[in-house]
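The primary structure of each chain is shown beneath.
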Amino acid sequence: MLEQLITGFEAALTITNILFIAAGITLGIVIGAIPGLGSVTALAVLIPVTYYMSPLAAIAFLVGVNKGGTSGGAIPAILLNSPGTPEAAATALDGHPLAKRGEANRAMKFALYSSVSGDMISDLLLIILVVPFAAFALQFGPLEFAAVLLFAFALLAGISGDSPIKGFIAIAIGVALSTVGLDPVESTARMTFDQVNLFDGLPLASIAIGSLALASVVEQMFDLWRSGGESTIVLSQDREKENTQLPMGEFFSHWKTIIRSALIGSGVGMLPGLGVTLAAFLSYGAAKRASGDPSSYGKGNPNGIVATEAANSAVVGANLIPTIALGIPGNIAAALLISAFIIHGIVPGPFMMTMHGDLIYALFASMLMANGIHLIIGKLGIPVWAWVAKSPRALILPVVFILCMVGVYLPGQSMFDIGVMLAFAGIGLAMRRTGFSVVCLVIGFLLGGMFEISLRQSMLLYKSDIFAIIDSPISIVFLLLTLLILVRVSFKGIRNGRG
Amino acid sequence: MQNTVSRRTITGMAAALAATLSLGIGLTPASAEYPEKPVTLVIPYKAGGSTETMARIFSIALAKELGQKVIVKTRPGAGGAVGATEVAASPADGYTLLFAAAQSLLWPPLTQKVEFGLDSFTYVGQITEYQQAIVAKADAPYNSLAELIAHGKSNSLNYADQSAMSRTFINYIGAEEGVAWTGIPTKGGGEMVPFLLGGKIDFAWSGGIHNRYPQKMKVLASMNAGTLSASPDVASISGKYGVSMPSQAVIVVPARTPATVVATLEKAMEAASKDADFGDLLANKLKFPVKFVGSKALSADITKTAEGLKTVIEKTKN
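Residue numbers (this note's numbering), protein chains in the order written: chain E, 1 to 499; chain P, 1 to 318.
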């Protein structure tokens, strides 16, 4: 393997290749930083550009776009409290308070370093695990997915913040919203009101961008209008060193969170269909749970940024494990990469390693190189973003508002999606004002739909026989973990109740 | 003042509209000029799937033949029904085309409340055929549909479907043979493959993805009207059951599009289907056969397919 990797580096270490990777990362970060646009849109827009490149340059370019797009979403989350993508929503929870405190540069550095470290760990896992992994992935059927998702629900229940009851209500509303659309088994219409746009359910991107990003923009516009507000976003006004610098030693003092988050992100990435957003929130929830001081989260704890960004970027590399080993895309970004593979003559699937081994190892080498390039470009970009954010808020907010619309419109080219986004901006605003967690609503929506399908598939498959669980060690493990968390939470609740 | 302006604007707009309309009517017989502006090709599926990949490459060849830009627009949702609704409602002038699987145009109007019908489109041509099949793991104890049915009579079998239509067809076969098997809905080939190879299900419906796993899966029956290009020895269900699934990948335009425009498009499509890049993508990468069928033959074929669909829907109603 090492020998093949060295050959891969020989093929990948060309000026053209490095330039394409750099171009991809830059474009990815810029597109990802635009609220509403994420790596998926960036890939969809840029794939046609690669038609005339060599296969390696094209795929290295797109991998760069994917990496940059995933980390770019953190920038508006930190600076504007309006996450560019659903997966960066948890970054805003701690990143924005940190920025408000005058440590925006540090927050962006935390985000960038975590992205690159998470990505690096996940790429290494990809290179080591891609061959032996195929057999393990096949152990996951509907029952196992249902168990994993139940575990995710339990882990995320604690994310809600101050009021668990309000958090629970928000999750329940999210789950209820996820039932809109054609029934996955019977194909009967559920709450679609004969509106063909609702057959597939409410669009996730519209809900997430509307209630998280747009609601925050609108809220800030109101503040500005009512009070005159602060006309620029509070950034590191005081130029004292410790507020803009982030020494490596300080960053790596978060090594526990980095490794835990990278492993969570890689784990989620390896299982097809779970997605980047889930990884980000799972990791945030796990970091908060493991912390000695959970109440500091949501108020500017850098650990929250590290947890989110390391996990969401770790999905990018690990996602290629099922893509390469089985030809099964882990998420939409990977599906787009598959279509790029196909266009460039590489058929993904179990034979990809044997038929195109040279190219795959050159791709791995490009990915490792891309991480270094990502760090350099990302670091160069931070002063630029800080500078952009210094322009008057009255200029930035309307632009972000319009970009949210463009971002939601582009992938499906649907005015309906924009309507849903605007409606959820209103709902999000109302929830913010009344202390309900918008994040819980989005999580409930995301997990609700996935859990319903997995559960109903399992019930059909095993004829609703509960003892089918006994034959599945993976589900037993995850169900026990779920139980453990629930027991711990209720004990904590009792103890707090007494205290 | 403002009122006058707006009234004048409206009058002006109405006049302009009237002029355009009369001009349009005046030009219709002379639409040899078509196309005089870029053509939009709507793909009613998510980016990244095989249809979208195919359509993007095809659009390049089609643009060369038409001498105009072809703008690809993805409009996903409801298994293609969202894009179909949009194109059905767009002007019948040949500037909005839809590249879709025939099933997206036939199944929704027959089973759901949608705003387009079987007669909403003029079929310009077929480009290829999806390779729909009943597949099983290579080491499954049955090698043909007959053996699968025999196995199903003494065992309780589960299969993965990918749409209401695929489930209906497999259940139709089950009903004809007196076998009850359970359909497990999956979101597409990406979910079906791991379930099948992981042994979670006994057999599956496949839209063509099985061609990527020739050593791990075997084809038990063709769900197309004819045999499949990669497994010419496996019979189609049409022989025994008299029905088959819509398999055509087609380009359609809104009904009432002028015949001359349809003819121009048909000619360009036929030429574009011979494009080397497109042929290479289909044959070597997606493993679909290039199979051009012109407007007239395709329309007759579609009518026949729709009749078969009605029979299956009727018989599987409970």
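Since the hints were made in silico from the structure, they are not lab data. Glycine included, C-beta positions come from ideal geometry on N, C-alpha and C. Just to be clear, a hint being listed does not mean it is correct.
Unchecked claim - Simulated pairs of lysine-lysine, DSS-like, Cα-Cα distance not exceeding 30 Å:
(1) P:K73 / P:K285
(2) P:K64 / P:K274
(3) P:K69 / E:K463
(4) P:K291 / E:K463
(5) P:K274 / P:K304
(6) P:K46 / P:K291
(7) P:K137 / P:K291
(8) P:K137 / P:K64
(9) P:K291 / P:K37
(10) E:K463 / P:K216
(11) P:K285 / P:K69
(12) P:K296 / P:K113
(13) P:K240 / P:K296
(14) P:K304 / P:K267
(15) P:K216 / P:K37
(16) P:K315 / E:K463
(17) P:K187 / E:K463
(18) P:K296 / E:K463
To be verified - Okay, the calculated bits of chain E under chain P, using three or more residues with CB under 8 Å as the criterion:
(19) 140-147
(20) 192-199
(21) 247-256
(22) 402-415
Of all the hints given earlier, name the ones this structure violates by number, lowest first.
3, 4, 8, 15, 18, 21
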